[in-house]
Amino acid sequence: MKAGDLGELALRNLREAVLRNSLTTLGVAVGVASLVAMLSLGVGLQELATKRLSNSGLFDTVIVTARRNMQGMRRPAANSVPAKPERALDDDARSELTRLPNVLEVYPQIRFPTEVRYNGNSYSTIVAGVPDSARGNGSYDGIQGSFFSGPNADEAILQIEFAKDLSEQTPTLIGKDLVVRYAEREALAPQKAAGDSGSGNAVDAAAGGFSIVPREKKLRIVGIVETEPAAGFGGFGSGRLLIPLELASALRAAQVNDLRDAVRATNGKPAYASLTVRAKSPSQIEAIETAIKAMGFGTFSLLDASRNLRLFFTIFDLLLAIFGSLALAVATLGIVNTLVMAILERRREIGILKALGAADRDVKQLFFVEAGVMGLFGGVLGVGFGWLIGRALTWGTNIYLHRQNLPSAHVFSVPWWLVLGAIVFAVGVSLVAGLYPATRAARLNPVEALRYE
Amino acid sequence: MTTGNGMAVRAERVSRHYEMGAAVIRAVDDVTLEIRAGEFVALLGSSGSGKSTLLNLMAGLDRPTGGAIFANGRNLSELNSLELARYRSRTVGMVFQSFNLLPRMTLEENVELPLRLAEVDRVERGARVQEALERVRLEKRLTHRPSELSGGEQQRAALARALVNRPTLLFADEPTGNLDSATGESIMLLLKEIQQKLGMTIVMVTHERPLAERFADRIAALADGKLLTDGVKS
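Chains as they are written, first to last, in the numbering used here: chain A, 133 to 585; chain B, 368 to 601.
Excised from the complex, chain A in its bound form:
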């Protein structure tokens, strides 16, 4: 029989027992909805976690540090290899890093302790320099106020927890001024060489020295963020007061590594404690990290953590899919039941079809198409129901988050592949369910079927 005729006859047959077939289809729809809801929740949570972590800049960045030669601090092994000379993390190295393929930008990590004076009170916190490129970073999506007006602006963005320390009414802080007290590192002229003191040497002279001078800087508060854009592994604590990176650099504030660098031999060029290398995408981190290591620097990234996160969510999604499929498995039994009932009711009709020239395969295909149509309608309906469940879940979750004074979140995501996959899966499962009834119908003896009353 031609496909068009098969489809027409199948639809006609389904319409004949409309209530029973609708209920069976509804069963499939509930099964698919359960599957879609579970998987959408898994996908949504994965997207949420990935987005939040990506926004924090943890997954598309590599922290580069100078590789330290620590061999002098322990007893050398009998067959120890002579230590390679340390490579300075200076401007030359920074330029070289910038030229690596798929590197978006390279910038120094600047964080320093400070005392903030606001409204007659003093508060201790950490200042972090933020590159201008962070403007497009998702961390600032929900910012109250605005991002810095320029890379050198005398402006500050407060992390919400620090803002709450300053005022209970955090929105009123925007536009207000605060004063930052910090320790400026003021370079001293290089000491006279060996001839003057008789105890120094050329290396020490090149290293120079610095004095610490207390300074103050008035900054205008332009924004408040609920995320922690300066959290993570770049410094010695989370930055709660964010200022433009170029401004932070110009302040020449003393950082924790300064003391160490002051006593270390350098080639006379200023060296960075660490540099942040930002990749075009998290997938390029591994190659960039390898290239940086080959240059002789130490690296740190969350590549392994990212892999583990993907593994976790893959297993999580799999478990959700298994639980979601249970309802679909029950619905499958419903299809088998409906079609077996249909065979009993349409026994004589099958006999007539065979007497009129229907081959076994025509009868089999007819029942297959009926099962497939129920699966198709059930799948489409189920995706719709699943989407509605997702909307309801997101709505309920956001009400709860709102009551907890937390930002709203999309915990549910129905990607196109899930929509298509769920429908195809529903049709596939229905066809498998139709296999037994269809085979049974096809094998009916026409003479016996025609005798059936």
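Hints were generated in silico from the structure; no laboratory data involved. Every residue gets a Cβ at the ideal spot worked out from N, C-alpha and C, and that includes glycine. Hints are not guaranteed to be accurate.
To be verified - Straight line, CA to CA, 20 angstroms or less: simulated DMTMM-like cross-link-like pairs of lysine to aspartate or glutamate: (1) A:K134 x B:E575; (2) A:K183 x A:D449; (3) A:K425 x A:E228; (4) A:K425 x A:D222; (5) A:K349 x A:E247; (6) A:K134 x B:E486; (7) A:K296 x A:E247; (8) B:K507 x B:D488; (9) A:K134 x B:E450; (10) A:K350 x A:E247; (11) A:K308 x A:E358; (12) A:K134 x B:E475; (13) A:K134 x B:E491; (14) A:K496 x B:E486; (15) A:K350 x A:D286; (16) A:K425 x A:E237; (17) A:K496 x B:E450; (18) A:K412 x A:E247; (19) A:K134 x B:D488; (20) A:K308 x A:E348.
What the hints assert, rightly or not - These stretches of chain A come out as covered by chain B in the derived footprint (C-beta under 8 angstroms, 3 or more residues): (21) 492-506; (22) 549-556.
Position chain B against the provided structure of chain A, taking the given hints into account.
Just chain B, lined up with the frame of chain A:
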């Protein structure tokens, strides 16, 4: 189409036995029967004589447990299930005592059904349905459902359905069994007309000797699965 020598169907020592536990029911037992092309043959016998079983075997609805049936130049026993379905679709038309129209389909859809199964083009189907219904004078009842027709009309519709694929063999199983005598006679007249106009071979099962004697060219009488007599009507 014939089996050769003008033969439409030839049953050669055909048997159809059923096993019911330890007992063996010999529904058809060693029957040999030849039906010539264009002939109207009545299989006459009482209930349980094996006439319907023999008809089903010749129509390709059932397979013999012994012997062979030749139709369309081939031994039906050697055909696989798909080939047997094609034989039923293209060579055979069937009419039943209880009409066997599909109640949820209109008359037009019922008659169109064999054309769907034979994969006839949709454009050709309308004319073929119209032609078949005109032949049984039901062309004005296209949209009616079987329940809206009288018994005679339903049997005429079933006849139209049997003719729509232009078969060469028409098998009728007690076609007048559910009809009153007047309506039954009109159906028999229609069958005779079709045989004469189309040159069709008709094999009819009946237990009514007068009807067989009046309309059939030849009567084959069966009893207890065996062929008692085979010859022109008395």
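Results of checking the hints against the structure:
For the proposed pair K134 (chain A) and E575 (chain B), the alpha carbon gap of about 41 angstroms is over 20 angstroms, so the pair is violated. Distance hint between K183 (chain A) and D449 (chain A) is fulfilled; the C-alpha atoms sit about 17 angstroms from each other, no more than 20 angstroms. At most 20 angstroms may separate the alpha-carbon atoms for a hinted pair to count; K425 (chain A) and E228 (chain A) meet this at roughly 13 angstroms. Distance hint between K425 (chain A) and D222 (chain A) is fulfilled; the C-alpha atoms sit about 16 angstroms from each other, no more than 20 angstroms.
Using a Cα cut-off of 20 angstroms, the hinted pair K349 (chain A) and E247 (chain A) holds, with the two alpha carbons roughly 11 angstroms apart. Straight-line distance between C-alpha atoms of K134 (chain A) and E486 (chain B) comes to about 6 angstroms, which keeps the hinted pair within the 20 angstroms bound. With a C-alpha separation of about 16 angstroms, the suggested pairing of K296 (chain A) with E247 (chain A) holds against the 20 angstroms cut-off. As the CA atoms of K507 (chain B) and D488 (chain B) are separated by approximately 23 angstroms, the hinted pair breaks the 20 angstroms bound.
Our distance criterion of 20 angstroms between C-alpha atoms is met by K134 (chain A) and E450 (chain B), whose separation comes to about 17 angstroms. For the given pair, K350 (chain A) sits about 12 angstroms from E247 (chain A) by alpha-carbon distance, which is consistent with the 20 angstroms threshold. About 18 angstroms separates the Cα atoms of K308 (chain A) and E358 (chain A), which keeps this hinted pair within 20 angstroms; it holds. At roughly 19 angstroms between alpha-carbon atoms, K134 (chain A) and E475 (chain B) fall within 20 angstroms of each other, so this suggested pair holds.
Between the alpha carbons of K134 (chain A) and E491 (chain B) the distance comes to roughly 15 angstroms, so the proposed pair stays at or under 20 angstroms and holds. With a CA separation close to 16 angstroms, the supplied pair K496 (chain A) and E486 (chain B) stays within the 20 angstroms bound. Of the pairs offered as hints, the one joining K350 (chain A) and D286 (chain A) holds, with about 7 angstroms between alpha carbons and a cut-off of 20 angstroms not exceeded. Proximity of K425 (chain A) to E237 (chain A) is assessed by CA-CA distance (about 17 angstroms); at most 20 angstroms being required, the pair is judged to hold.
For the suggested pair K496 (chain A) and E450 (chain B), the alpha carbons sit about 16 angstroms apart, so the restraint of at most 20 angstroms is met. Distance restraint check for K412 (chain A) and E247 (chain A): the Cα-Cα separation of roughly 36 angstroms exceeds the 20 angstroms cut-off, and the hinted pair is therefore not satisfied. Among the hinted pairs, K134 (chain A) with D488 (chain B) is consistent with the structure: their alpha-carbon atoms are about 9 angstroms apart, no more than 20 angstroms. Distance check on the hinted pair: K308 (chain A) and E348 (chain A) sit about 16 angstroms apart at the alpha-carbon level, within 20 angstroms; holds.
Here the segment 492-506 of chain A counts 3 residues with a CB under 8 angstroms from a CB of chain B, which clears the bar of 3, and the coverage holds. A stretch counts as covered by a chain when three or more of its residues have a beta carbon under 8 angstroms from one of that chain; for the segment 549-556 of chain A and chain B the count is 0, and the coverage is violated.
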